[in-house]
Amino acid sequence: MVIIANIGKYFFLMTQVFSRPVNRRIFFKRLLQEIEQIGLNSIWIVAIVSIFMGAVLTLQVAINFENPLIPRYLIGLSARDTMILEFSSTIICLILAGKVGSNIASEIGTMKITEQIDALEIMGVNPANYLILPKILAALFSFPFLNLMSIILGIVGGLLIAIFTDVVSVFNYIYGLRYLFVPFYVTYSLIKICFFAVIITSISSFYGYYTEGGALEVGKSSTKAVVYSIIMILLFNLILTQLLLT
Amino acid sequence: MIEVVNVNKLFGENHVLKNINTSFEPGKVSMIIGRSGSGKTVLLKCIVGLLIPDSGEIYFDKREFTKSNIKFKTQIRQELGMVFQGGALFTSSTVEENVRFPLDLFTNWSKSEKQKRVDFCLERVGIKNANKLYPTEISGGMQKRVAIARAMVLNPKYLCCDEPNSGLDPQTAILIDRLISEITKEYNITTIVNTHDMNSVMEIADSINFIYQGNNWWQGTKDDIFNTDNKELNDFVFASELCKKIKKETT
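As you go down the protein sequences, you meet chains G and Z in turn.
For the first sequence, position 158 matches number 158 in my numbering, and the numbering has no gaps at all.
For the second sequence, position 99 matches number 345 in my numbering, and the numbering has no gaps at all.
FYI, nobody ran anything at the bench for these hints, they're computed from the structure.
Careful, some of the hints might be misleading.
[Stated by the list, open to error] A few chain Z residues facing chain G, derived, Cβ under 8 Å:
(1) Met328
(2) Phe330
(3) Ala334
(4) Asp350
[Unchecked claim] Distance condition first, Cα-Cα at most 35 Å in a straight line; then the derived DSBU-like pairs of lysine-lysine:
(5) Lys313/Z with Lys374/Z
(6) Lys29/G with Lys313/Z
(7) Lys477/Z with Lys319/Z
(8) Lys317/Z with Lys264/Z
(9) Lys99/G with Lys378/Z
(10) Lys9/G with Lys264/Z
(11) Lys29/G with Lys403/Z
(12) Lys319/Z with Lys220/G
(13) Lys313/Z with Lys431/Z
(14) Lys374/Z with Lys494/Z
(15) Lys291/Z with Lys9/G
(16) Lys291/Z with Lys360/Z
(17) Lys29/G with Lys357/Z
(18) Lys29/G with Lys264/Z
(19) Lys220/G with Lys378/Z
(20) Lys29/G with Lys374/Z
(21) Lys319/Z with Lys274/Z
(22) Lys9/G with Lys274/Z
(23) Lys29/G with Lys362/Z
(24) Lys9/G with Lys308/Z
[As the list claims (entries may be wrong)] Distance windows between CB atoms, simulated:
(25) Thr353/Z with Ile7/G: 25 to 31 Å
(26) Phe18/G with Arg281/Z: 28 to 34 Å
(27) Ile95/G with Glu343/Z: 28 to 34 Å
(28) Arg281/Z with Ile7/G: 25 to 31 Å
(29) Thr353/Z with Lys220/G: 38 to 44 Å
(30) Glu217/G with Ser385/Z: 22 to 28 Å
Fair warning: this is a prediction, and the values are worked out from it, not measured in the lab.
Think of the CB as a built atom: it goes at the ideal place given N, C-alpha and C, for glycine as much as any other residue.
One chain only, chain G, in its complex shape (with noise of 0.2 Å):
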């Protein structure tokens, strides 16, 4: 029954969430500052993780594929999608439900308990639509770029690997890059991650906005947020991937 209430609930503030807002200079600005909140300041932890899977994805083919019948350039072609298909969106998006979602659960659970969102209400102002729209819009518009970037980082990476080891040739490894490359892979990719950008702001959210208590509910909040996120994550993933590539 909870459970119902709570989706229940949660399609009740996505209502309030897309509305118009008051203000749309305000609206701009506040989509700029959760751009540069919730994509830039997210670069640093995509990169780092991207650049590290890439090599270390490329090591775990290299020496699994270690048979002279596997042509060695597959080791290229399996390291970019990998990437393409699932680390740069999912297991990406799993790193920033744990960044992005935790931050947004906290920071509208601390409003809501401090008052600061009936402050708003009391000013005439959506406080959902106020608080929330910028923070999905700002995600849909920064994921994307989020994901290209780990894509090619990642494949950077085991470029690297191919460059300071032996494991794979330069030559191989970027033969492989090319071979039989799909470009749907990468709008497959894209679409995931626009599908994530939606469940993470919005279930992050969602907690968020119905904490109430003190400091000790924030932090649950916080936590069911990024718990939920990545439930829902892994279950479109899986219904996604479904529609998508089969």
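Got chain G; can you put chain Z on it based on the hints?
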């Protein structure tokens, strides 16, 4: 004038507000007093629209508020200032930005006009050289003053304050009380203050509503308090030994 007519509010089985009828006049500081859990905050939240009463009406100058649509509520809310218990200042904005926020949202004024109004309001509440500071960098008393400045920046017709001097030392509390009283008289605002601080009541109250177990138990002025034989009110007001002595000497 704000009128509360037959307002009832229930939380599940708990009947928190029971048929409340009262009115609050312009240019006067009306205080709602009562023990913790008596329903005074619920009443204030119903008045400002943060809670919807289960039955009854609330009128702002004869305009029905409770059942009106969002557009109309927004219109009335722009005439309403609220000072929250904790100030409810936006912690990510500076003092100046906090006060300017309603102007940015609801006026087409130029930057200089807004700045002029912000400076005026901050000066009026006695805040100097703190425009660029963040709420966490100023004291509790200053936060309350900034909250009052933000509440009055759009020239409100109605001002609601939820325990405006809780957590403040007695001297600062008196300053905040006097400030509320002064701006109420100066701008002819209908002011409602929710408190259980009897010092505030004796300092600035023009009319008092005593809420007891969800009922509007007693209504009068601060002078009436000394002469009433209402047991529940006396128990609440003269709870401390000091207050008992004061009453003895006064009567």
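ask   = Taking each numbered hint in turn, which are not upheld by the structure, reported in ascending numerical order?
value = 5, 7, 14, 18, 22, 25, 26, 28
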